[in-house]
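Student: What follows is the residue order along each chain.
There are 2 protein chains.
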Amino acid sequence: MAPSPHGRPRRTAFLLSQLGSLSASRFAERTRELGLTPSDAGTLRWIGRNPGLSQRVLADRLGAVPSRVVPLLDSLETRGLVERVRSSTDRRNYELHLTGAGQALLGRLRDVAQEHEGELLAPLTPEESDELARLLARLAEGHGVDVEAHRDTGR
Amino acid sequence: MAPSPHGRPRRTAFLLSQLGSLSASRFAERTRELGLTPSDAGTLRWIGRNPGLSQRVLADRLGAVPSRVVPLLDSLETRGLVERVRSSTDRRNYELHLTGAGQALLGRLRDVAQEHEGELLAPLTPEESDELARLLARLAEGHGVDVEAHRDTGR
DNA sequence: TATTGTTATACTCTATAACTATA
DNA sequence: TATAGTTATAGAGTATAACAATA
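As given, the protein sequences belong to chains A and H, one line each in that order.
According to UniProt numbering, the first sequence holds residues 1 to 155 in order.
According to UniProt numbering, the second sequence holds residues 1 to 155 in order.
Accuracy of the hints is not assured; some may be wrong.
Some chain A residues close to chain H (C-beta under 8 Å, calculated; not the full set) [said to hold, decoys possible]:
| hint | residue |
| --- | --- |
| 1 | A64 |
| 2 | P71 |
| 3 | R92 |
Calculated Cβ distances over 10 Å to all of chain H for the following chain A residues [what the hints assert, rightly or not]:
| hint | residue |
| --- | --- |
| 4 | S21 |
| 5 | W46 |
| 6 | A59 |
| 7 | L121 |
Keep in mind that the hints were calculated from the coordinates and are not lab data.
We put the CB at the ideal spot given by N, CA and C, even for glycine.
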């Protein structure tokens, strides 16, 4: 890319990294208030949208390795948020479901996500927020980032 | 924040996290080709801009703890990129400097950063890139993010 | 023989606290 | 007594590979 009009190099990519990190850490603070890590939150989201999915598929969706989701689900199951049900058709794998408590928490999680969104975009006007959303969506599309994928970036 | 005009919740904050993570990991790939971690790169940048600074100050600038910068500098010093010079006025602390090789590598690092910027913004027109830079700068300012600070987010 | 989920292990990254040497 | 830097240790997070159960 060419330098900016004044000859000073642009740092937009770097700024994007910094703000992305800020957004992720602020969101992690909010999920922590719900007793969840960002990985917990992503897992609840995926199971909520795709009830009955297997651990193998969940691992793929999260961009994680199967052994990684074991302690993740152990923790959520212990807290009564998720259930592992043996598949009757293939007894090797589980069908994952949210419990009632899990669904309720997922609802609160969505509220929290919207609050987070509002706080993050507060410095912008509604028009600017719209424009930013458009530009980021275009950038994501150009780089093949799946907007729906919930690959948690961790902290 | 209010939902988007069509009632579907916006995911701009999440998109920002994802793209920030993408930007950081792509940059890490490029620095790795130079034999540097992102932390190495940030350290070279800070010393290059502030020759003679102490490890304590460097740690503050990097947002790290003093014990963290020890192995970082050990590695850079072993590779002949950085020098630790005992301060003559206060023999407790070091004055950090880049060697000639360190300065040369910092130059290549700047080239790499600009290439990275170009690749990342490639899906946008120049006008859109300008607009994105403006919006992100406004967002950073609103949240008190120091644009010059080089707090590396890690991977 | 292949696949799902599990366990055991190890590796990376980082922070905390104790230590030394100077001041 | 306070500060710069160092070392030792421990913790979080994650991946790799071997394993048991089922297909």
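Student: Does each hint fit the structure? Answer for all of them.
Tutor: Here's how the hints hold up against the structure:
Taking 8 Å as the C-beta cut-off, the interface hint given for A64 (chain A) is violated, the closest approach to chain H being about 15 Å. With a least beta-carbon distance of about 21 Å to chain H, the hint placing P71 (chain A) at the interface is violated under the 8 Å criterion. A cut of 8 Å between beta carbons decides the hint on R92 (chain A): the least distance to chain H is about 33 Å, and the hint is violated. Distance to chain H contradicts S21 (chain A) as a non-interface residue, since its nearest Cβ pair spans about 4 Å, not more than 10 Å.
Non-interface status of W46 (chain A) relative to chain H is upheld: no Cβ of that chain comes within 10 Å, the nearest being about 14 Å off. The beta carbon of A59 (chain A) sits about 19 Å from the closest Cβ of chain H, which is more than 10 Å, so the claim that it is off the interface holds. Against chain H, the non-interface label of L121 (chain A) is violated: not every CB pair exceeds 10 Å, the least being about 6 Å.
The structure fails hints 1, 2, 3, 4, 7 (numbered hints given earlier, in ascending order).
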